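Protein chains in written order, with the working numbering: chain Y, 1 to 457; chain C, 1001 to 1084.
Hints are supplied without guarantee of correctness; some may be wrong.
Stated by the list, open to error - Computed spacing ranges between beta-carbons, pair by pair:
{"#": "1", "chain 1": "Y", "residue 1": "L60", "chain 2": "C", "residue 2": "L1079", "range": "26 to 32 Å"}
{"#": "2", "chain 1": "C", "residue 1": "G1036", "chain 2": "Y", "residue 2": "E426", "range": "54 to 60 Å"}
{"#": "3", "chain 1": "Y", "residue 1": "G254", "chain 2": "C", "residue 2": "L1079", "range": "48 to 54 Å"}
{"#": "4", "chain 1": "C", "residue 1": "S1023", "chain 2": "Y", "residue 2": "H138", "range": "37 to 43 Å"}
{"#": "5", "chain 1": "Y", "residue 1": "R265", "chain 2": "C", "residue 2": "S1039", "range": "51 to 57 Å"}
{"#": "6", "chain 1": "C", "residue 1": "P1005", "chain 2": "Y", "residue 2": "D113", "range": "46 to 52 Å"}
{"#": "7", "chain 1": "C", "residue 1": "S1023", "chain 2": "Y", "residue 2": "V180", "range": "31 to 37 Å"}
{"#": "8", "chain 1": "Y", "residue 1": "S143", "chain 2": "C", "residue 2": "S1039", "range": "27 to 33 Å"}
{"#": "9", "chain 1": "Y", "residue 1": "R33", "chain 2": "C", "residue 2": "P1027", "range": "49 to 55 Å"}
It is worth saying that the hints were derived from the structure and are not from the lab. The model shown is predicted, which means the values in this text are computed figures rather than measured ones. Backbone N, C-alpha and C fix where the C-beta goes; we use that ideal spot for every residue, glycine too.
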Amino acid sequence: MTVIRRVVVTGLGVVSPIGADTHSFWDSCLAGRGVAAPIPRAWHDYAEYKSTLWAPLPPLDYGPLGLTLAERTQRDPSALLALLAATEAVTDAGLTREQHSAKDNSYRLPAVDPQRAGVYIGTGVGGAHTFAALQGNHVLARSRAVLEVLAPQCEDADRDALQTIAGGLRFPPRFNPFAVSMVMPNALSAAIGMKFSLTGPNQTLSGACAAGTVALGQAFDAVRRGRLDLAISDGVEYVGDDYGGVFRAFDAGGVLVRECADPPRANCPFDVRRSGMLLAEGGAGILVLEELEHARRRGAPIYAEMTGYGETFDAYSIMIVEPSGQAIGRAIAEALDMAGLHPGDIDYLNSHGTGTRLNDDTEARIIAQVLGPRVLVSSTKSLLGHTLGASGGIEAAVCALSLRDQTAHPCHNLSHPIAELSFVRETAPRRLRNVASQSFAFGGHNAVLVMRAWDGP
Amino acid sequence: MSADPIYYKVAKAISEGLVVDRSRITPAVRLQEDLGATSLDYVTIALDLEDSFGEQMFEEEAREFATVADIVDYVRARLAAVSQ
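Sequences and hints are given; from them, build the entire structure.
Now the structure itself:
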């Protein structure tokens, strides 16, 4: 018989466009500081776009942030973000580190049985940045070499034209021998497992924009059912490839923000003037989940208790959320049931809130139907854009921080809401006992988690 | 030799790539026996040198590098060849 155990959140790590660590991220959330900027100039060399805005990450100098030359050359940026956020989360959880290998920049966690500690990471596109860069080298290197030989043999105008074409063929100088280990999505959870010498289950889950929430659900289940004492979990994404290829994929799909003339106001989930989602360059949200007694024994800080999780699938469209929201409602009901709650018990909902017309319509309707108009609602994506597979992790961190601080961040750029819901309009003290976060994804994946305020036993 | 910019960049790449203190990097020090370099480490060092010098560096040639001086000599010859 499986004994169901209590699971608490003991550490957080966040890297995002509105803050490179949890503290600065949460400060930006509470201050309502969003970000939107023009896409890189070089991307305009390759295509015309319907959307010209994204949410870039702050500059990240990985060397001073503690990552070695080997890590920087052998890891996709998504894995580097994962390592930064995981390291912050482990430190935040008060887990002392002992160096395992200076050369590998790896550690042991003496307070944790490594066989009973696992890693569950969600991502949408994994190492797409590396794939795009190396495909550039693979396809273009010989063409540019030919042009560089031909150009000097031509007359002025032709020579200039060939040199211009050759100069426009941009790619890394080498086809990186670590390509496979950089592109494979499971490099994300593997990098974290190696960093902290954790030898329990190690999984990277792909669930597009719900990936982080799905990964956290699996981690929660493993700790709750006793397979693990501790899990490092949640979401990671990086889509700032050299050519804007991933951005173009979403742009071609018609889901990105169209009203780009006023960048600071362009990203406005749940507002009548919303025109699509603001794609973020990337991000990572990592949580340390821990069995309650394990956390207590080592005197760990506790942000919140994770009490429920629900997961369903639309079986409707690969690109469009099922308009009735029936499967979303079922995911909410499952999560509430596991937590032993009624719909009216949820005080705050961190919505999926992308800013796409259909998604927000469906989500607003299902919130009203299932949770009612009293629940406080905000969209973290209204501040930092959509970090795809990382969004569930970042939003789970928001839930934990909201419970700790008994407050909720505002729904940014919301002037004329599309529904009569209790959208958070300003940061203020709140009484939050139970909160939920929900994520939906291309493909039709829906995932919902529930957390409870930690106030002792 | 430390004033030599090529030596400086090679020593830095080896020090950072192998995570060994710069004081251990001398022209005669042996990469594998003294510093524990593996074949993967040679790739990491080559990638860093490519960033530093903007030219493609060693691949198969790495097998013949026994010491730090061997890499310095290779880089010097490589840069001379591409500048011609």
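Legend entry - Earlier hints that do not hold, by number: none
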